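Asker: Full structure from sequences and hints, please.
Position in the sequence shown (from 1) plus 6 gives the number in our numbering.
The set of hints was computed from the structure by calculation and includes no laboratory data.
Do not rely on the hints blindly, as some may be mistaken.
To be verified - Ranges between beta-carbon positions, derived for each pair:
1. D311 <-> N448: 55 to 65 Å
2. N59 <-> N430: 27 to 37 Å
3. H264 <-> D311: 56 to 66 Å
4. E197 <-> P461: 43 to 53 Å
5. D379 <-> T178: 13 to 23 Å
6. D89 <-> I333: 47 to 57 Å
7. I445 <-> F252: 44 to 54 Å
8. G108 <-> A224: 36 to 46 Å
9. E169 <-> P135: 21 to 31 Å
10. I456 <-> D379: 43 to 53 Å
11. L229 <-> N59: 43 to 53 Å
12. W49 <-> F252: 43 to 53 Å
13. A457 <-> I333: 22 to 32 Å
14. A37 <-> E232: 31 to 41 Å
All figures in this text were calculated on a predicted structure; none of them were measured in a lab.
The beta carbon of each residue, even a glycine, is placed where N, CA and C say it ideally should be.
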Amino acid sequence: MSNDVRKRSAKVEAMAECWPMITALLDGTSAMRAAGKAYLPQWPNEDDGFYKNRCATATLFPAYSRTVDVLSGKPFSRQVSWDEAKVPQRIQAMFPDIDLQGTNLHSFLADVCEEAMGFGITIILVEHPQTEGQLTVAEEKQRGLRPYMTKVSPNSLLDWSSERINGRETFTMLRFVEVVSERDPTNEFVENQIEQVRVLNPGRWRIYRKKKSEATGAEEWQLHDEGVTSLKKITAVPVYGNKTGFMQGRAPLLEIAHLNVEHWQSKSDQQTILHVARVPILFGRNMGDDPITVGAASAVTSDNDGADLKYVEHSGKAIEAGRVDLIDLEDRMRQIGAELLVIKPGRQTVAQTVADNEAGTCALQRIVGDLNDAANLALEYMAEWINEKDGGAITIFRDFGAATLAEASATLLMDMNVAGALSNETLFKEMQRRGLIDIELNWEAEQKLIASQPPRPGQTSTTLSG
7 MSNDVRKRSA KVEAMAECWP MITALLDGTS AMRAAGKAYL PQWPNEDDGF
57 YKNRCATATL FPAYSRTVDV LSGKPFSRQV SWDEAKVPQR IQAMFPDIDL
107 QGTNLHSFLA DVCEEAMGFG ITIILVEHPQ TEGQLTVAEE KQRGLRPYMT
157 KVSPNSLLDW SSERINGRET FTMLRFVEVV SERDPTNEFV ENQIEQVRVL
207 NPGRWRIYRK KKSEATGAEE WQLHDEGVTS LKKITAVPVY GNKTGFMQGR
257 APLLEIAHLN VEHWQSKSDQ QTILHVARVP ILFGRNMGDD PITVGAASAV
307 TSDNDGADLK YVEHSGKAIE AGRVDLIDLE DRMRQIGAEL LVIKPGRQTV
357 AQTVADNEAG TCALQRIVGD LNDAANLALE YMAEWINEKD GGAITIFRDF
407 GAATLAEASA TLLMDMNVAG ALSNETLFKE MQRRGLIDIE LNWEAEQKLI
457 ASQPPRPGQT STTLSG
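Answerer: Right, here's the structure in full:
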């Protein structure tokens, strides 16, 4: 079998250009350090050892991951709901363990939303355990056989094909890579992680694994298993961050990702210049050729005219410029994140934006609306697997948004503070900087005032941390 089965198609490669950067930012400092020169270039004539130390001590300000986490969590601040009269009981019974991994529907969709926000696209795949022959409902229930949802992450995607069928763009092929765990047949205490490629066609599936060719002895991707499905369709649903076409999505916070990399580089420069500034350089002139000793109990003398010995220290101007640059980058990242919560002109209230058409929704509400539609289509596929007429519909919370960027920015800051991603003091100062708190107020004095307040109902004490 050709090794092309593991190869990404050109259309996936084009969409995936920014995914390595996004993956590194979401994985944090360790992943950014491991990426090395990809996101932290080595300066011209910079010593390799110095660069290695600079890269090993760099730390990431996790603006991208925090913003994705906070915004994708907003729709799930309330539980996913549904009309029990319209969703079949057999499907409702699957909601507490929607993926057969112990994940409930609410948490599963929250994970899907986070991945779509982070990468711009992900896929909900509805599957059903393989069976031989026709089984009754009672037999399937006894064996625990039922459809379930799983997620195909963008980094796993290899290729797809589609065509328009009955007015809907429909998958005709989906190919992705996955890793499965299998117990070693020769050692019960060893579990092997095996990479395989799955190819789905309407009514058919195939799995390819790397095996040694009998003819050449080289490892090649060969057919490992195959079978048919009772549904003559690919039960996969794409979920988008910023949809640009069928199976084409762009990360809605991509500009924050680029700014976050810029911040990573600028912060490394700032750490370097602080190190230089904190270690003064000893400068000597006309001291002669005799060795000198510098220390608290030593005196240095010279009879040479114009002799001079002094420490040269950094003026600090570049340090302040670097600090201001970092603050500016952080503010721009917060502002871009807040823009997803700003309602488009034309509607005056959040309630109107939900009730009326999309022209009055904020970007995040549109993303959640698309996710809601995708989840309902996945329910429809689950219903088809078990011969139910309809899968019903769920509702994901969308009653949020802000009328202005200042309001949206304040909302995002407060959400980050609640999530533990922003300190109380920074929240206070950011609100003050935006004109939402009197500039004359003082944080230390405000802390004392808060501490002096009587406890709120149900609260025994008040504790603040900077």
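Asker: Now tell me, hint by hint, if it's right for this structure.
Answerer: Right, here's what the structure says about each hint:
| no. | hint | in the structure |
| --- | --- | --- |
| 1 | D311 <-> N448: 55 to 65 Å | 56 Å, holds |
| 2 | N59 <-> N430: 27 to 37 Å | 35 Å, holds |
| 3 | H264 <-> D311: 56 to 66 Å | 57 Å, holds |
| 4 | E197 <-> P461: 43 to 53 Å | 52 Å, holds |
| 5 | D379 <-> T178: 13 to 23 Å | 21 Å, holds |
| 6 | D89 <-> I333: 47 to 57 Å | 49 Å, holds |
| 7 | I445 <-> F252: 44 to 54 Å | 51 Å, holds |
| 8 | G108 <-> A224: 36 to 46 Å | 41 Å, holds |
| 9 | E169 <-> P135: 21 to 31 Å | 28 Å, holds |
| 10 | I456 <-> D379: 43 to 53 Å | 44 Å, holds |
| 11 | L229 <-> N59: 43 to 53 Å | 49 Å, holds |
| 12 | W49 <-> F252: 43 to 53 Å | 44 Å, holds |
| 13 | A457 <-> I333: 22 to 32 Å | 29 Å, holds |
| 14 | A37 <-> E232: 31 to 41 Å | 36 Å, holds |
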